[in-house]
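Required output: the full structure, derived from the provided sequences and hints.
Here's the letter readout for the chains.
Protein chains: 2
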Amino acid sequence: MTHEQLFQIIQKKRSFLCIGLDTDIQKIPAHLLSTDDPVFEFNKAIIDATHDFTVAYKPNIAFYESQGPKGWESLGKTVDHIRNTTKDIFIIADAKRGDIGNTSAMYAKTFFDTYDFDAITVAPYMGKDSVSPFLAFEEKWSIVLALTSNQGATDFQFLEDKASGKKLFEKVLTTASGWSSKDQIMFVVGATKTESLTDIRKIVPDHFLLVPGVGAQGGSLQEVARFGMNEQCGLLVNSSRGIIYASKAHDFAEIASQKADEIRKEMEVYLKQNNLI
Amino acid sequence: MTHEQLFQIIQKKRSFLCIGLDTDIQKIPAHLLSTDDPVFEFNKAIIDATHDFTVAYKPNIAFYESQGPKGWESLGKTVDHIRNTTKDIFIIADAKRGDIGNTSAMYAKTFFDTYDFDAITVAPYMGKDSVSPFLAFEEKWSIVLALTSNQGATDFQFLEDKASGKKLFEKVLTTASGWSSKDQIMFVVGATKTESLTDIRKIVPDHFLLVPGVGAQGGSLQEVARFGMNEQCGLLVNSSRGIIYASKAHDFAEIASQKADEIRKEMEVYLKQNNLI
Numbered sequence: 006m007t008h009e010q011l012f013q014i015i016q017k018k019r020s021f022l023c024i025g026l027d028t029d030i031q032k033i034p035a036h037l038l039s040t041d042d043p044v045f046e047f048n049k050a051i052i053d054a055t056h057d058f059t060v061a062y063k064p065n066i067a068f069y070e071s072q073g074p075k076g077w078e079s080l081g082k083t084v085d086h087i088r089n090t091t092k093d094i095f096i097i098a099d100a101k102r103g104d105i106g107n108t109s110a111m112y113a114k115t116f117f118d119t120y121d122f123d124a125i126t127v128a129p130y131m132g133k134d135s136v137s138p139f140l141a142f143e144e145k146w147s148i149v150l151a152l153t154s155n156q157g158a159t160d161f162q163f164l165e166d167k168a169s170g171k172k173l174f175e176k177v178l179t180t181a182s183g184w185s186s187k188d189q190i191m192f193v194v195g196a197t198k199t200e201s202l203t204d205i206r207k208i209v210p211d212h213f214l215l216v217p218g219v220g221a222q223g224g225s226l227q228e229v230a231r232f233g234m235n236e237q238c239g240l241l242v243n244s245s246r247g248i249i250y251a252s253k254a255h256d257f258a259e260i261a262s263q264k265a266d267e268i269r270k271e272m273e274v275y276l277k278q279n280n281l282i
Numbered sequence: 006m007t008h009e010q011l012f013q014i015i016q017k018k019r020s021f022l023c024i025g026l027d028t029d030i031q032k033i034p035a036h037l038l039s040t041d042d043p044v045f046e047f048n049k050a051i052i053d054a055t056h057d058f059t060v061a062y063k064p065n066i067a068f069y070e071s072q073g074p075k076g077w078e079s080l081g082k083t084v085d086h087i088r089n090t091t092k093d094i095f096i097i098a099d100a101k102r103g104d105i106g107n108t109s110a111m112y113a114k115t116f117f118d119t120y121d122f123d124a125i126t127v128a129p130y131m132g133k134d135s136v137s138p139f140l141a142f143e144e145k146w147s148i149v150l151a152l153t154s155n156q157g158a159t160d161f162q163f164l165e166d167k168a169s170g171k172k173l174f175e176k177v178l179t180t181a182s183g184w185s186s187k188d189q190i191m192f193v194v195g196a197t198k199t200e201s202l203t204d205i206r207k208i209v210p211d212h213f214l215l216v217p218g219v220g221a222q223g224g225s226l227q228e229v230a231r232f233g234m235n236e237q238c239g240l241l242v243n244s245s246r247g248i249i250y251a252s253k254a255h256d257f258a259e260i261a262s263q264k265a266d267e268i269r270k271e272m273e274v275y276l277k278q279n280n281l282i
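Protein chains in written order, with our numbering: chain P, 6 to 282; chain W, 6 to 282.
Don't read these hints as lab results, they were simulated from the structure. Incorrect hints may appear among the rest.
In this list, chains with the same sequence are indistinguishable; a pair is considered to hold if it fits within one copy or across any two.
Said to hold, decoys possible - SDA-like mimics (lysine to any residue), calculated; alpha carbons at most 20 Å apart, straight line: (1) Lys145 - Asp204; (2) Lys75 - Asp41; (3) Lys253 - Asn235; (4) Lys75 - Asp121; (5) Lys207 - Glu271.
Below is the structure:
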């Protein structure tokens, strides 16, 4: 998918929501546990109920991996179900991978070939050749960690480079945006760090940002839209727990649908304010 | 496993070798491809032939993940086979994981609970709370990326912090060594960066270093031992392709055994020179 196509889906759905499928078998409704594949049944119900309101799904791979081989089957079925349900969707493997070249090539094969993802999140620490193998797949995206939403972000990401005066996360934005075009590179910027969004937009005015941290982690959608939106929206704002675990009863999918549509409606306001729809 | 126990295995085996099980189905001998689980059959033969010469095995998870659910079955069987073959062994999941706390907890569960690894490699970019969930498992290790063996290491790892004058990888060593004791934290330092080992030993004199890059990537074992060895050895030197793919014929395991013993013999010399055996 290209940058332009992603923007068209945003305009069509009047939404820049990404739903995080962080499906934890400990947290899904009890009545699903007797099915053959509770994780997939949960995801299927969530997808069927929310796909009109979201432009992206983002399974966090940790939750699937922790279930062993069965978890990877649930993941594969989930990706296939999304593809069979709608064409207007962007699917992100939240995997935060990155290794030396021949190994990253294996990861790229996993997520772009074995599984049909559009994008993968990658850690920048090992530099260009740890990300290049992902970029070798046309119309597939690498979403590079820049400024993350967690407390530990302050350990290294704000370290100030003596030579350039830039902070580490700013160096990552500057350097990694040169690794390919805005059709293949996106950045993770936490919603808990909105005070940095203005500066980030000076460095990467045109790139999409994947913004986690709205909801359970306390970030504000309004501020993200105010400081982060660009002429092609340029934002995918993720919510996981606030949607998929909004109810743990039989009505979980219906409540998830309501929550997703609530967020979408707020997003529609910001898209209109910026004359994007 | 404790730091002391790992050193005892090194003394007993007169080796500080780690064999990387980067098992690529495209590269294993043709006669194994007709078996039910070629990846496991390859690993089993390598393990049976080399376990006397190595103190650690390090499956790189990318290679298993790329095979889908079946790859994870091969991985589980591989770990079980190592455990059933020898007690004197340290098993590393080369996974380079790291995410926000609740997600890293899932990864920790995967590698320390679902699979019986002793250690996992982790990326430091997201800071302390992305590593803490791994450290919550007693006698399990986090091996933090510090200075990697690839070309892209120069993109960010040498950035010089204005406040402290330290390079990023030195900040990682200083900061992460405070996250737990030397019984739970180890660092990745590439064998292609031996000129930095003297400085690294000033920052972390007592910690184990996992050193990839000898062999296919061009690093020198002699230099690693010269500049990196401490009073309890403090080194695990990895070789992957140079051992497991030394032959692609029927004799692959026998040749792997010879290659591993060759390296072990060289290691024995360095251990003796340092009066550690």
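So, going through the hints one by one against the coordinates:
With identical chains, the CA atoms of Lys145 and Asp204 are never at most 20 Å apart, being 27 Å at best within one copy and 40 Å at best between copies. Within a single copy, Lys75 and Asp41 get their C-alpha atoms as close as 10 Å, and across copies as close as 19 Å, so both meet the 20 Å cut-off. Taking the closest pair of Cα atoms, Lys253 and Asn235 never come within 20 Å of each other, the shortest separation being 36 Å inside a single copy and 54 Å across copies. Proximity of Lys75 to Asp121 under the C-alpha cut-off of 20 Å is found in both arrangements, the shortest distances being 18 Å within a copy and 17 Å between copies.
Taking the shortest alpha-carbon separations for Lys207 and Glu271, neither the intra-copy value of 25 Å nor the inter-copy value of 54 Å comes in at or below 20 Å.
Of the numbered hints listed earlier, those contradicted by the structure are 1, 3 and 5.
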